[in-house]
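Those protein sequence lines, which keep their order, are chains A and B. So the number in this note's numbering is just where the residue sits in the first sequence, counting from 1, plus 36. So the number in this note's numbering is just where the residue sits in the second sequence, counting from 1, plus 574.
Among the hints, erroneous ones may be present.
[To be verified] Pairs of lysine to aspartate or glutamate residues, derived as EDC-like cross-links and limited to a Cα-Cα distance of at most 20 angstroms, are as follows:
| # | chain 1 | residue 1 | chain 2 | residue 2 |
| --- | --- | --- | --- | --- |
| 1 | A | K86 | B | E857 |
| 2 | A | K109 | B | E896 |
| 3 | A | K86 | B | D962 |
| 4 | A | K86 | B | E860 |
| 5 | A | K86 | B | E868 |
| 6 | A | K41 | A | E75 |
| 7 | B | K879 | A | E342 |
| 8 | A | K384 | A | E283 |
| 9 | B | K879 | A | D330 |
| 10 | A | K163 | A | D230 |
| 11 | A | K86 | B | D916 |
| 12 | B | K879 | A | E283 |
| 13 | A | K150 | A | D44 |
| 14 | A | K216 | A | E206 |
It is worth saying that the hints were derived from the structure and are not from the lab.
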Amino acid sequence: MPFEKLQDLLQEPVHGRGRADKAPKLLAAMAEVAIFHYEHCAPYRTMCDKRGFAPRDLASLEDLPYLPTSFFKHTLLRSVPEEEVFREITSSATTSGQPSRMALDRETSRRQSKCFNKVLIDRIGSKRFNFIVLDEPSTVGRSQVVSARASTIRSLLFCARQVDTCVTQEGASLVLDQEKLDGLLQVAQGSGDDLMIFGFTFILYAHVVEPLLKAGKSYRLPGAKVLHIGGWKKLEAQKVTPEKLVEDCCRVFGVRPEDVVDLYGFTEQGGMLYPTCQAGRRHVPAWGEVIVRDPLTLEALPAGREGLLEFITPIQTSYPGHAVLTEDVGLLLGEDDCPCGRPGRTFKVVGRAPNSEVRGCGDIMADKFA
Amino acid sequence: MTPADLTAAIPIDFLQGPVPAGTTVEAGELGRRLGQARLDLLDLPVERVVSALDGFSARLLARDNPLHRRYPGAGLAYVASWCRRRSLEPLLEESLGDPRALDEYLVRGARASRGLRAWPRGLVLHWMAGNVPTLGFLSLLMGLLTKNANLVKVASSQDDLLARLLEGLAETPGGAELTAAVAVARFSHSQLPQARAVSSLADVRVIWGSDESVATVRALPSRLEALDLVFPNRVSFIVVGAGMLRQGDLKALAQRMAQDISVFEQKACASPHTVFLETESQETLESFARLLAEALQAALRGLPKTPPSQREVAALLNLRAEYDMFHQAWYSRGTEFTVLSDDKFQLGPAIGNRTIFLRRVADLAQVAQLITPKVQSVGVAAEGAELDRLADLLAARGVHRFARVGGMTSFDMPWDGFLLPQNLVRWTSRPVAASGQ
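Model the full assembly from the supplied sequences, consistent with the hints where possible.
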């Protein structure tokens, strides 16, 4: 059976059973996948050979050669025959103008969706929600061409019972339909449990939460969830911290702090999602690991030290995206010790360099908002 | 163009002497004070200027000077070496002929009936880039030597080294007369009223920085007769001749090369980003790449690496992966240095952070095809006829400077084609008596 170790790993509970149980299983699956990429992707093999890395001898996840996310902007790597690639995924356009490109076969695509859904369900529950999407209708409708932004939104809608949008496109700008949003929130006040408000972080805060606060308007939606994703770059410039965002969401929507969920993920490792837990930390699922690297020495750092975030997962088998170093800075918070009860490593994303490019749908969308 | 508002408050680090933190001065007042100081400087013989700077050099080199502890690795010894009499006098002679022309009319050449004198142009505005911290002082030095008043504009993120150096100069015998004609302003690129105001005060604008920032400063209001000396982005590279590769001490060459690559984290315009080896042998290239990697490793002891930003790390790792997959790469365990080799025939790109492209050429003369006005320095590891031929060929196409490998980033005159003191004076002539009196 192909990827036997990987299949076993995906049978685990979403966050595994603690370090002692997880480490050998993940290492075995990573070795299996690294060997596969080594044997099926010639450039990857050349790189491993030059670095003296033999996947069969993998002894530690830290030894895996990793690729920076920016590598995928100029090189399309494949570990499957071209005819098996059924979709090329591109990331959101960035200020460098070059999106990342990843070759997906059906198996990888299916696996990514499955993993994504499992993590999300683990966090928000398995029931279906009435979604209020802070975006325009085309992002949730059917279309041939799917933008990265729309793709992010649609991936969440597997748990939607009903979807409403409350943003309109006016020329090149996006405009919030405040009246419609107010109407939807008023109606939901009676059935808060079923409501999911979703938006890109900047839009949620700067165009919904903050104006409502300023207008002295608030709702009572206990049990409703607020889900957001995307860049913090623009909010950081306004000195809005994650804590303040949660606090203000609670004031405006009347939700519980643990029901404001900040999602983190990146296209180069599709299917991997890192929502904040009830304790505000981010967890790595059983089929992944996070390593924080020192930007100068590139050595793995212990908990509490800031560095560049590297993510490892065996779920991408159509291209060697199994070990990826991001430009995001973060730190490990602990392992098997989160107050929320989930086992595994927890981490925090601190941010990006002041001179790093605007990246991700949220930051791009923020530029379009009128 | 709308005239600048001279009531703009200019944040000041130093004005004719130390100032309290947070000091601001109206631009008009700043111009008046420096204008008066400039007239006072006229009476100061150039010998006194040189003498004060030479005294400052000794003071700066003193082991107990607290600046060494406060600004480790800032290149203070280098600044001191520039301030020494034995550096300044030859520089003035090269630029002006006889330095006494700054004090009096001198008869030069065959025209015995006319005397020539060099006058300061007035107020020199030094608009500094942030990449090489000591450059501000060296630029200022050229203005002081020619008895100009000087206003140095530093970036808001720049450390306060320049003001501290000027305090030291003011405490040196004769130094206060010089610093009376100096101010250091600090503001960010977004402070447009301040930028417009100081620009409009200048008789000469010496502009250092990226192409974008140089263009921005040039677009600021200026006096009709003001002179602009611009030092925008430049690229530099190294050539190694076939003779050197056959018979030279390649280990020593690699060590000198590592020095050029490591200084200022390759952010200076004279920092090399490419090395052309005159060979057709890949083996020769690879063997030299290994020597260079060892030398870069060793250079870390004397020039510790400044931690790169996340984005810089990504750029480095990106290249390493690409070159490991498709070309050749030699690099440190961390992000300290990276040597790359490919079959491309081009300069750079300039990545920085001690990243160097090693490329083969059959004949160094081919490199002439790559010269653009953007090329500044060429480090040359070749001798005799090989050097003569190459230097003429490349200079004719626009290279501004040839340096020995190992000394590429040393500030030198001429720089970018300018003998700066020459450009900071205006010449007058007058009839003199037949005796030359």
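| Which numbered hints does this structure break? | Hint check: 3 and 12 fail, others pass.
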